[in-house]
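*Asks:* So you can see what is in the structure, the chains are spelled out below.
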Amino acid sequence: MDRPLRLISSNPVDELARTIEALLVVASQPLTLEELVEATADDAERIEIALGLLGERYREGRSGIVLQKVAGGYAFGAAREAAEACARLFERPVERGLSQAALETVAIVAYLGPVSRPEIARIRGVAADSAVASLVERGLISEAGRESGPGGAVRYRVTSLFERVFGLESLAALPRLDDIGEDQAAIRDRLLQVAEARAS
Amino acid sequence: MDRPLRLISSNPVDELARTIEALLVVASQPLTLEELVEATADDAERIEIALGLLGERYREGRSGIVLQKVAGGYAFGAAREAAEACARLFERPVERGLSQAALETVAIVAYLGPVSRPEIARIRGVAADSAVASLVERGLISEAGRESGPGGAVRYRVTSLFERVFGLESLAALPRLDDIGEDQAAIRDRLLQVAEARAS
Amino acid sequence: MASAVRDLELDLDAFEGPFDLLLTLLLKDAIQPSEIDMAGIVVAFVERLAERDELDLDACGEFLVLIAALLELKARHLFPDEEAELSELEPEEAAEELARRLAEYRRMKHAAVWLRERLEEEKGRFFRIGPAPLAPEPERRLAQQSPLRLVEALQALAVEPPHVSLSHMALRFPPVGQFVERFRALLLRRRRFDFDAEVQGLSRVEQAVAFLALLELRKEGEIAISQAAAFAPIRISRADDTITYSDDGRMLQWTARSA
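Protein chains in written order, with the working numbering: chain A, 1 to 200; chain B, 201 to 400; chain C, 401 to 659.
Hints are computed from structural coordinates only; laboratory data are not their basis. Just so it is clear, CB atoms sit at the ideal spot from N, CA and C, and this is done for glycine as well. Treat the hints loosely; a few may be bogus.
[Stated by the list, open to error] So the derived list for chain B, only partly shown, Cβ under 7 Å to chain A, looks like this:
| hint | residue |
| --- | --- |
| 1 | A239 |
| 2 | G264 |
| 3 | F276 |
| 4 | A279 |
| 5 | A282 |
| 6 | C286 |
[To be verified] In silico lysine to any residue, SDA-like type, Cα no more than 20 Å apart, as pairs:
| hint | chain 1 | residue 1 | chain 2 | residue 2 |
| --- | --- | --- | --- | --- |
| 7 | B | K269 | C | L534 |
| 8 | C | K509 | A | G97 |
| 9 | C | K509 | C | L519 |
| 10 | A | K69 | A | L33 |
[Said to hold, decoys possible] Computed spacing ranges between beta-carbons, pair by pair:
| hint | chain 1 | residue 1 | chain 2 | residue 2 | range |
| --- | --- | --- | --- | --- | --- |
| 11 | C | R549 | B | G339 | 16 to 22 Å |
| 12 | A | R62 | B | V354 | 52 to 58 Å |
| 13 | C | T424 | B | Q300 | 56 to 62 Å |
Build the full structure now, drawing on both the sequences and the hints.
*Replies:* Pasting the structure below:
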């Protein structure tokens, strides 16, 4: 336990690590490497070394504060062992009561975004208005321009809060869904069988 | 340096201290002792001991995160040595100019100050409340006593930041306004006279 | 047994109540078909069937007809622009397209399940949303400004406002009473007169006021107003003189009410 701490206090990145600690504890959102470079006026490589030291210090089981790589950046969160205590004091308004419709909608936005309400409705087969409104209100999705052409529908994408709430390092951390591709062939065959049966 | 850390890791308040760390890093307001008691379901005395340990760990010079006791309770803040980096993180993009209302208001304060809000409003012909508030917030003007008499209105003058932003060594370096009036009194009379003509 | 369908109790996201009420609301446009989860209706019906021992073919038939109609209604609602496009497809192509969409939806359902599990895992991870309690106040910074802008601002305030011409406000606007008196005097001398001829040469405003005077006199029952046709000359006569004469000397009967 003493080794990395001594390392921090004697290593030249020591001060840099302390600066990063300070930035992370006051930041409202995860900080990207670029933001850290800009704020510390230091170089990316040294910052990554410092982040490595901080990751060692602020990790589950060792600290109540945990350094997370999340939403394309770095952020402090609470250790899981403190979840019960946190739950007694803090609400989780973002994900509380998230309906199935909202989850399906946010999945569509996460995988296919930016995507418009009509496109979401087309995929889900049900109008998406209230699900979209609830997700916007929760801050999980936000407007991202409009479809091209006059009067194009507003398009939506997921926010960094979405990545944070779902604990994703980035959207690339979403699982690939290509492996369900075979389903399409199976569905098509079934449809064709039905069509042939009707025609005969 | 090792003593309190060893104390934390071997002492029974170790886990409690980690829980408090977690609570403080999640909180968006300072937490009172009562809130910590409620959240940790532990007793106040032990919490105070844990806070003492955390205060030792998270203090200026030792950590970028600093435990602070403020009016509302306990909160984590950034170390003073990281102030510059934090300021850069929270820096807003440079604004190119002032609104017309702000420009008129600050010009009146610069040439006629100290001057009260009612007088600014009389000269501009519109209420000056929001323009004055925004200039105070920007630090371009500040309060400078009150008009004489009971209940006299607050008067304002420009600040040294104003002089820096407008590249003036002092207020004496303000460009002359000979076409309006030779001195402050003449300028004031002229502006009030025009304002009256405009209002009638 | 047809009521087995219409009485079917539904508990959907967008609707709660019997099936026939839902149909009524859909037909009255009180609910959009796109809001209705059709699968939910089918599940409710199948559950209802399962509760009974015998198979009610009448009910099944009625249900199929209704649900098919609803599906078509919903499809038209969801894809208004694609109706033509899809109808042009060969059956194989249409099946392909449909399969593609179903597969896409199925993928999204899987994704939603994954997200739900993820949410469950992350339930124990708390983090702060919003600013930190002791975060520094963001500072507003202003670019370097020229002091000449101050001069310009004050110069703009020192310019006398242009003298606004009020000449257009000085239109002659004679009091209505003046015309009332004038027309009364006229009708003392003549039994009838031509309004247009009388106001000829007056300004539009004066003509308007003169017309107001006519209406005033008519309201008082002092005069009768007549007009042979739209845009024909307006004739004014004394109200007590119910006989007036046309230009060609024919006798015409007028009352104040007839105009």
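*Asks:* A separate judgement is required for each hint: does it hold in the structure or not?
*Replies:* Hints versus structure:
1. With a least beta-carbon distance of about 4 Å to chain A, the hint placing A239 (chain B) at the interface is held under the 7 Å criterion.
2. At its closest, the beta carbon of G264 (chain B) sits 3 Å from a beta carbon of chain A; the interface hint therefore holds under the 7 Å criterion.
3. The interface hint given for F276 (chain B) is met, as the beta carbon of that residue sits about 5 Å from the closest beta carbon of chain A, less than 7 Å.
4. With 7 Å as the threshold, the beta carbon of A279 (chain B) comes within range of chain A, its nearest partner Cβ sitting at about 5 Å, so the hint holds.
5. Of the supplied interface hints, the one on A282 (chain B) holds, with its beta-carbon coming within about 3 Å of a beta-carbon of chain A, less than 7 Å.
6. The criterion of a C-beta within 7 Å of any C-beta in chain A is met by C286 (chain B), whose closest approach is roughly 6 Å, and the hint holds.
7. Distance check on the hinted pair: K269 (chain B) and L534 (chain C) sit about 11 Å apart at the alpha-carbon level, within 20 Å; holds.
8. This hinted pair checks out: K509 (chain C) and G97 (chain A) have alpha carbons roughly 18 Å apart, not beyond 20 Å.
9. Of the pairs offered as hints, the one joining K509 (chain C) and L519 (chain C) holds, with about 15 Å between alpha carbons and a cut-off of 20 Å not exceeded.
10. Straight-line distance between C-alpha atoms of K69 (chain A) and L33 (chain A) comes to about 11 Å, which keeps the hinted pair within the 20 Å bound.
11. At roughly 18 Å, the beta carbons of R549 (chain C) and G339 (chain B) sit within the given window of 16 to 22 Å.
12. Under the hint 52 to 58 Å, the C-beta atoms of R62 (chain A) and V354 (chain B), about 54 Å apart, fit the expected range.
13. At roughly 59 Å, the beta-carbon separation of T424 (chain C) and Q300 (chain B) lies within the given 56 to 62 Å, and the hint holds.
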